[in-house]
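Just so it is clear: in the sequence shown, position 28 is 28 by full-length UniProt numbering, and no numbers are missing.
Read the hints as simulated data drawn from the structure, not as lab findings. The beta carbon of each residue, even a glycine, is placed where N, CA and C say it ideally should be. Please note: incorrect hints may appear among the correct ones.
Computed beta-carbon distance windows for the label pairs [unchecked claim]: (1) 19 / 111: 16 to 24 Å; (2) 65 / 113: 16 to 24 Å; (3) 109 / 11: 19 to 27 Å; (4) 108 / 11: 22 to 30 Å; (5) 104 / 39: 34 to 42 Å.
Below, a list of computed lysine to aspartate or glutamate pairs in the EDC-like style, where the Cα atoms sit at most 20 Å apart [unchecked claim]: (6) 65 / 33; (7) 65 / 40; (8) 65 / 90.
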Amino acid sequence: MTSSMLHGGPLRIWSALTDPDHRRAWSPLVFLDDPSRLGDTECTFAIQGITRPIRTPARIDRFDKPHAFAWSCGIPYLFTLEERYELAGDDGGTRLTHSCTLRGALSLPFAAMMLRRLRSLMVESDDRLATYLRWRVGQPARAINRQRVPFRYRRKAR
């Protein structure tokens with residue numbers, strides 16, 4: 001789980017998370033075809049080192065504007081990845097809490113090797129979002145009040 005304080009109101013950040021054009025602009029690591037409503041959709045994983053994107057069915061599980069957005073993909077009860085964003089704040093700033101959870105029977109064997117990499121990907125995704133939000137208002141591109149993350153897990157936003 002990561003948590004950061006972003007400039008701007010929850011509605012502005014909500015739009016960046018759920019509008020396909022905004023999502024394309026900050027280039028999250030997983031691109032959802034239709035993140036704007038509850039229900040079934042598809043997603044594309046952009047994984048470094050793999051030239052062809054990986055596509056899979058996905059589902060928008062929570063769409064509580066502008067407080068919570070969650071989606072998942074995988075095979076229920078076997079292996080599922082869930083990504084959740086929770087927003088709290090006002091027009092002066094918004095706290096974004098971002099988490100990824102592995103569920104299912106196969107999640108335990110994969111969890112040990114994936115959790116560290118998943119955390120670094122979440123930090124990278126949060127940096128991209130913060131950079132995009134600040135770019136839109138012409139402010140420096142650093143999130144404020146970010147929880148401390150060990151240097152080896154950090155990566156620069158693209």
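Checked hints:
| no. | hint | in the structure |
| --- | --- | --- |
| 1 | 19 / 111: 16 to 24 Å | violated, 32 Å |
| 2 | 65 / 113: 16 to 24 Å | violated, 35 Å |
| 3 | 109 / 11: 19 to 27 Å | violated, 41 Å |
| 4 | 108 / 11: 22 to 30 Å | violated, 38 Å |
| 5 | 104 / 39: 34 to 42 Å | violated, 21 Å |
| 6 | 65 / 33 | holds, 18 Å |
| 7 | 65 / 40 | holds, 18 Å |
| 8 | 65 / 90 | holds, 14 Å |
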